[in-house]
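Residue strings, one per chain:
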Amino acid sequence: MPTETLPSGDAYRRHVRAWLTVNVPAGLRIDQPGYRTPDLETCRAFEAGLHAGGLAGITWPVEYGGHGLTIREHLIANQEIGRLGLPESINSLGKELAGPIIMAVGTEAQKQRFLRPLLEMKQIWCQGFSEPGAGSDLAGLRTRAVRDGDNWRVSGRKIWTSASPWSDRCLLLARTGALEDRHKGLALFAMRMDAPGVTVQPIRQIDGSAHFAEVILEDVPIDAADALGAPDEGWSAAVRVLAIERATNRMYRAWRFENEVAHLVRACRANPTLNGIIGSGEYHRRLAEILVDIEIIKGYVEPTVERLAEGEAIGDRGSLMKLHWSEAHQRFAVLALELLDQAPPGADPEVAAARERFQHLYLRGRAETIYAGTTEVQLGIIADRMLKLPRER
Amino acid sequence: MTNDTHDALTAFAATAANAVAECAGLAPRARATCLAEAGLIGVLAAESAGGLALGLDHAVPVLHAAGAGLLGYPLLESMLLAAALGGQAEAARIVLGEATATIAWAGRATLAGGRLSGTVGRAPMADSADLILVLTGTGAALVGANAAGVTVRPGDGLDVEAPDCEVVLANATPLALLEADAVDAIEQGAQLLRAAAIGGAVETCLAAAVAYTSTRVQFGKALVSFQALRHAMSRQKLAAEHIGAAIARSLMRPDDRLARAAAFAAATRFGAAAVESALQLHGGMGFTWDIPMHRHLRRIRSWEAQGDAPGLHRRLAAELLTANA
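First to last, the protein sequences are chains Z and U.
Here the first sequence stands for residues 266 to 658, numbered as in the working numbering.
Here the second sequence stands for residues 402 to 726, numbered as in the working numbering.
Treat the hints as calculated values from the structure; they're not laboratory data.
Quantities reported herein were computed from a predicted structural model and do not represent experimental measurements.
Positions of the beta carbon are idealized from the N, C-alpha and C atoms, including for glycine.
Each hint should be verified, as a subset may be incorrect.
[To be verified] Far from chain U, some chain Z residues (derived; all Cβ distances over 10 angstroms):
1) A313
2) P326
3) A428
4) R531
5) K563
6) A608
7) G611
[What the hints assert, rightly or not] Derived Cβ-Cβ restraints for the label pairs, each shown as a range:
8) U:T616 / Z:P467: 19 to 25 angstroms
9) Z:A617 / U:T616: 20 to 26 angstroms
10) Z:R282 / U:A724: 15 to 21 angstroms
11) U:D585 / Z:R531: 27 to 33 angstroms
12) U:G538 / Z:G546: 22 to 28 angstroms
13) U:P555 / Z:E353: 53 to 59 angstroms
If we strip away everything but chain Z, and leave its shape as in the complex, we get (with noise of 0.2 angstroms):
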């Protein structure tokens, strides 16, 4: 669809599904029978297939592949996703966090180079801010960019790298300065993944799958025209975007949630024996709480966007949402996991495929706490950033 044509407001809703319920392949939904895990190749064809019928890229401007429409209609195509239950983004560093430092710091050129193969899904994006020294304090980063002519060469190590097996470039935090500069003097590439010197070494996840990696830079060569804005530039760029992403990113996800809710209730309430623990008035309390739990995360994310779409600053409520959001999720995945453990043994199909979902989802959420800021780095925000509580004197 030519993307000129895109409508706004409720007609967009109309338009968004109108093309899910035509363009999602069958299998692709967590919560329908039928449903098979989706390989890399499938996942890439799916979301390239929404950028191209309009469902990324949506606030992006129309010369580097986006949509050129408002955050609002962001908001609407990340509600009708999530209601589906379609799989996470193979991209979504490219997306979230790539693409807009890119917007941000690159020059015309790059924006030019990046932007659209990233919402084609030609180029996916892994994320290199994390070390084995440097967690969630990142000023501790050791990774080193040195100059080479107008070329860098960078060595070090990153380590919790998403979707680095996969990826074709990397958003890399590294070093110009001294250690001792801390957050100053440090600079951002696109590094190439294929480049000499670059080794991804996958790390099994407590879920067993390998969605994460060490990886290992020995003297990468990266050229002058993939350093991303100035070398001093990096961290406060980063920090800039990260605030506002931290808000808006992955923004289906209270719906995406009521959708895992549904799928549970609907496996129980079709299991005898869960069907009677379910009504009883033990498990009330907890499954009205999390629906409440999924109201608060949409009480931050609507109004959020109406003040972004009115031009208002929304300063660290980032923050907030994401450690309730990551708290509440895995509150329910821990309820989930109780309910359907009291199953009775023999073959219940929709049982089983709600256990296989929840177990993964308790699994993986485990890192909901941990990525993008700990909890207790999002409370340490608060409490210096919001409440402006005094330090030690």
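We have chain Z; now place chain U onto it with these hints.
Below, chain U alone, put in the same frame as chain Z:
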């Protein structure tokens, strides 16, 4: 939100905070006059009753201030009831502060042959009220607190400053009747305004915790420098923001009953925990009568009971199970 609306809400909040502060030194009857003169009781009421006929968005900052300042007056009940009574004479008396009104939130009275009987409860400050709304099976009825067949007696709530009362009805004559939809509007409005009041209480208690831990020195440094305590206050702030977020969303979606219920449920759950945490940070001082944490806690638990938070949870769960059968 337009700038004009924003300015109006800010002005409402400031007026309400001043009036609430002034009320603290007044007898209950004088509080009515004070609040009426500030134009607060009639925010929602019809213009024909002397009200401002504004929306709940304007009542939210008023109740926020009432909760923050521990107002000893059934303002939430008076505002909602004055609005529900439309242009009736009782509405104007409530708006003007000539009559103090409250609502018995628990129990149902029997209305037969035009007479009311039965026992209802959770009526805040009914012992000093002139008018009491009691719920019936099909709607609600307004009675005079001192009328024949109406007996007010102490209830068993935690709040001692705005005490819950029971009302015993023996062939009492109603002054006015409300239909079910008017009662529903009152109950829906009350969920939002209780959330606003609890949000105000949380912010007061959090501010007190910040002030206390910033000055109290133990182990050679101010308590506020201990990370465990800083994080506890971050959790209190999170609670206040949860409540504010749920209220903001409910105001954006006035017909969304789940959003409305969530505002109240979030306020009772996170608000009570936040005030308990603020009390904890005061150490032994927090356990004393003089430090007002317990007064806020008592008030929040009373609001929780008046709004029947457990019953609300049961209804939300039942609806979820029905929708996914």
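Legend entry - Violations among the numbered hints, reported as their numbers in ascending order: Numbers 4, 5, 8, 9, in rising order.
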